[in-house]
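S.K.: Residue numbering for the sequence shown follows the working numbering, beginning at 39 and increasing consecutively.
Read the hints as simulated data drawn from the structure, not as lab findings. Any given hint might turn out to be false.
[What the hints assert, rightly or not] Here are the simulated lysine-lysine pairs, BS3-like style, with alpha carbons at most 25 Å apart:
1) Lys442 / Lys457
2) Lys442 / Lys554
3) Lys867 / Lys837
4) Lys393 / Lys420
5) Lys646 / Lys710
6) Lys424 / Lys534
7) Lys605 / Lys554
8) Lys695 / Lys710
9) Lys867 / Lys832
10) Lys638 / Lys661
11) Lys534 / Lys420
12) Lys638 / Lys605
13) Lys442 / Lys424
14) Lys661 / Lys605
15) Lys424 / Lys393
16) Lys393 / Lys442
17) Lys867 / Lys702
18) Lys638 / Lys710
19) Lys554 / Lys502
20) Lys534 / Lys605
21) Lys534 / Lys457
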Amino acid sequence: MEMKNHGFDFYSISSNSKEEGKIEKGHDQENDASGHSNSSSSSSVDPKSLSKLIIPPLGASDSYNYQNVCKGRIISPMSSRYRCWETVMVILVAYSAWICPFEIAFLGGETGTPLFLTDNIVDMFFAVDIVLTFFVAYIDPTTQLPVCDSTKIATRYLSTWFLMDVASTIPFDTISFLITGDRRICLSYSALGLLRFWRLRRVKRFFTRIEKDIRFSYFWIRCARLLFVTLLLVHCAACAAYMLADRYPNQGNTWIGSTIPDFKQTSLWVRYIASLYWSITTMTTVGYGDIHAENTIEMAFISCYMLFNLGLTAYIIGNMTNLVVEGTRRTMEFRNSIEAASSFVSRNRLPVRLKEQIVAYMCLRFKAESLNQQQLIEQLPKTICKSIQQHLFFPTVENVYLFKGVSRETLLLLVSNMKAEYIPPREDVIIRNEAPDDVYIIVSGEVEMIDSEMERENLVRIFKCEDMFGEVGALCSQPQSFTYRTKTLSQLLRLKTSLLIEAMRTRQEDNTTIIKNFLQYHKNLKDIRLGEAFLEGGEVEDDSNMSINLLTVSGTGNANFLDELLKAGLDPDVGDSQGRTPLHIAASRGHEQCVVVLLKHACSLHLKDFNGNTALWNAVAEKHQTIFNILYHWASVSDPYISGDLLCTAARRNDIKVLEELLKYGLYVDSKDRHGFTAIQIATSENHVEMVKYLLLNGSQVDDRVKNMISSTNLNEVLRKREVGHCISMPVSLDREVFGLNETEQKENLGSNSKKTSFSRVSLYRGHPMIRRETCCTEPGRLIRLPSSMEEFKNIAGKKFGFDATNAAVMNEDAAEIDSVEVIRDNDKVFIVENPGFPL
39 MEMKNHGFDF YSISSNSKEE GKIEKGHDQE NDASGHSNSS SSSSVDPKSL SKLIIPPLGA
99 SDSYNYQNVC KGRIISPMSS RYRCWETVMV ILVAYSAWIC PFEIAFLGGE TGTPLFLTDN
159 IVDMFFAVDI VLTFFVAYID PTTQLPVCDS TKIATRYLST WFLMDVASTI PFDTISFLIT
219 GDRRICLSYS ALGLLRFWRL RRVKRFFTRI EKDIRFSYFW IRCARLLFVT LLLVHCAACA
279 AYMLADRYPN QGNTWIGSTI PDFKQTSLWV RYIASLYWSI TTMTTVGYGD IHAENTIEMA
339 FISCYMLFNL GLTAYIIGNM TNLVVEGTRR TMEFRNSIEA ASSFVSRNRL PVRLKEQIVA
399 YMCLRFKAES LNQQQLIEQL PKTICKSIQQ HLFFPTVENV YLFKGVSRET LLLLVSNMKA
459 EYIPPREDVI IRNEAPDDVY IIVSGEVEMI DSEMERENLV RIFKCEDMFG EVGALCSQPQ
519 SFTYRTKTLS QLLRLKTSLL IEAMRTRQED NTTIIKNFLQ YHKNLKDIRL GEAFLEGGEV
579 EDDSNMSINL LTVSGTGNAN FLDELLKAGL DPDVGDSQGR TPLHIAASRG HEQCVVVLLK
639 HACSLHLKDF NGNTALWNAV AEKHQTIFNI LYHWASVSDP YISGDLLCTA ARRNDIKVLE
699 ELLKYGLYVD SKDRHGFTAI QIATSENHVE MVKYLLLNGS QVDDRVKNMI SSTNLNEVLR
759 KREVGHCISM PVSLDREVFG LNETEQKENL GSNSKKTSFS RVSLYRGHPM IRRETCCTEP
819 GRLIRLPSSM EEFKNIAGKK FGFDATNAAV MNEDAAEIDS VEVIRDNDKV FIVENPGFPL
């Protein structure tokens, strides 16, 4: 392809056309450098398919395919077949330029010779090329885009090179022969045949093109170009010099006649070699020996020839200097960068696919830099840049699924923050597990979504124009779940995730619309997983209910996206096929932030799944202590029997592990449920002997039913162990959190009362004394002055421990309730019990 001011022809960025450098699929699979087999989606760029890349204008979509723009009778200048035709025509041009002066000078322009017949055949090829040119698209020098309008093509050709092409193709020698019948063509017609030299412009374009082809050495191609020019000039000058001698009346008084008197009778090649010798000697100005000018005409010709050689010599020296010192600087820099990249890949033994990606990216950058699009945009004022972006990208952005129904103001804000990028084929735009920093919109091209689990790449889906990718990780605030790789040259709009979130929060209506669009779109895509995946077990039964996505998001632990979904008005208590709500799932999986978000949006704490489990039960069963404390705090506000219900449920199910966790978290062992039963009563009625023994070990009351169930010997043994002290292990962090104070507060209280006083002092502890003793709690309490009344004592305790102690119970070390401060003595240990059902 000829591109004015550019003329690029380098390793390919392929297009969609089969003839335009399409990425060829290899065999079913190909092995990478690691020895792993890749799927057919990982096909590589074929180095032999050099794409003459045309970059589409900014904002242009696939609705107008610039890579395969020529249809019908119009021939694309990128076509491989047309390129082959051009190469053949260059060979024919070289033949014409060489043989035309040779025939005129040495053969006298005689017709009927084999060369004469060959010339006519060659002229027929050029005649066909003239007709063909009316159907070949051309590159607009301003826009650098193909023009495929047949009228414009014909107008352009007729107004430029048509007349000269026709003149250089007319067979004047044949016409002369047909008119005169003379086999020797007169000099005037022979001169007209020299118009064939007009065809040499094709050779110039050919050399300009292959100079950019990195498969060939730039240095040697440039040298070959200069050598061709030099040899052509030597050949033409030799033919001209011989023709002057041959046509001179006194042939003995010529440069060749003085040396070879009967030169016309000598061999053709002897005369031609002698002419070349004379031409080279004259051109190089090394002086004359036995061959020199003999007459005035030859002297005049030699003078003109040598003057012309001055210019030619300057041209050759200038080009060689430019080639050696600087050359075509930008082209050389490009080629050097390609060579450096190749060396880097070879030295570090990188896979072939990585090498192809690097080369393709450098080629694309070299091409795109020549258009100066981004540099121009960056030089303009911000307001103009926004106007340009809105004009170019707004039609594409408003058709993206995520922004359907979003206000124009929000879309304009998003468009003004987007950046257009050209990405070459087989380039990884987003890598699996990458941070969700950007989202992308496809303006043109295709992008593959690849699942690379188990070191194998599986093609999941292909995104096309006006599709978006990367938004799942962005909106869900989680690493990307897939790798996204360009399939063809793609123009993408990149938007920062932070800017998208900020725009969503600008208007609540748009935020709700975007969230609903997102959920509906991914609900309809059966092959796409939202977050990690839909919850196992096939919970999703009603596809029309978008709220089911809350189950997925709560299961992945994405609190930010869960909050956005609930703000959009989705039901926080939606259940799956097993009756589990988002709170059940978040509590069982330990997603503390999701639990907080659901509670903030007023989800129900007391809903049970089909197994009869609440979220609080799931939290304690999975040993998520922090989540249990949060849920228990919220549940106890509305349900005073929550402690007894949990203990009785564990006793009924004979689940000693859950009961142990409940007691570790500080629940009072004899708390009553809403029916007035304790855990030991339930265990006795269900005949769970081991559960009864465990409850007795942990301080449960002994009644007649327990005595009847357990023999006196076993009962005494259990009670003896309880008297000795059966300890339940408790983490230090939990012990501090539930029962004690931080170390600073302890030191402050102890320090402020370290001096002897004349008033009574008591050590105040929070929690039931039996629980603290049985759990081996050694956390100190507060040393305070004994007040004068029980009301004042409770107020001090409430302030010290941060709760309302008006209805709290005060006990001594033996768990006896204290009703008056008068029975409290100096240095006694006193325990404040916030709730007898849950003494924390």
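S.K.: Given the hint that Lys646 pairs with Lys710, does the C-alpha gap stay at or below 25 Å?
M.R.: 20 Å, holds
S.K.: Taking only the CA atoms, is the gap from Lys534 to Lys420 under or equal to 25 Å?
M.R.: 18 Å, holds
S.K.: Mind checking the alpha carbons of Lys661 and Lys605 for me, to see if they're no more than 25 Å apart?
M.R.: It is violated: about 30 Å lies between the C-alpha atoms, which goes past 25 Å.
S.K.: Given the hint that Lys442 pairs with Lys457, does the C-alpha gap stay at or below 25 Å?
M.R.: Holds, at about 21 Å.
S.K.: Hint check: Lys534 vs Lys605, CA-CA at most 25 Å. Holds or violated?
M.R.: 22 Å, holds
S.K.: So if I understand the rule, the pair passes when the alpha-carbon distance is 25 Å or less; does Lys442 with Lys424 pass?
M.R.: 21 Å, holds
S.K.: Take a quick look at whether Lys867 and Lys837 sit within 25 Å of each other, Cα to Cα.
M.R.: With Cα atoms ~18 Å apart, Lys867 and Lys837 stay inside 25 Å; holds.
S.K.: Between Lys424 and Lys534, does the CA-CA distance stay at or below 25 Å?
M.R.: Distance ~16 Å between Lys424 and Lys534 Cα, so the pair holds.
S.K.: Given the hinted pair Lys638 and Lys605, is their alpha-carbon gap at most 25 Å?
M.R.: 11 Å, holds
S.K.: Measure nothing beyond the straight line between the CA atoms of Lys554 and Lys502; if it is 25 Å or shorter, mark the hint as holding.
M.R.: Given pair Lys554, Lys502 holds - Cα atoms ~22 Å apart, limit 25 Å.
S.K.: Given the hint that Lys534 pairs with Lys457, test it: the Cα-Cα distance must not exceed 25 Å.
M.R.: Holds, at about 9 Å.
S.K.: Under the criterion that the straight-line Cα-Cα distance not exceed 25 Å, is the pair Lys393, Lys420 satisfied?
M.R.: 38 Å, violated
Violated hints, listed in ascending order, are 4, 14, 15, 16, 18; each of the other numbered hints is respected by the structure.
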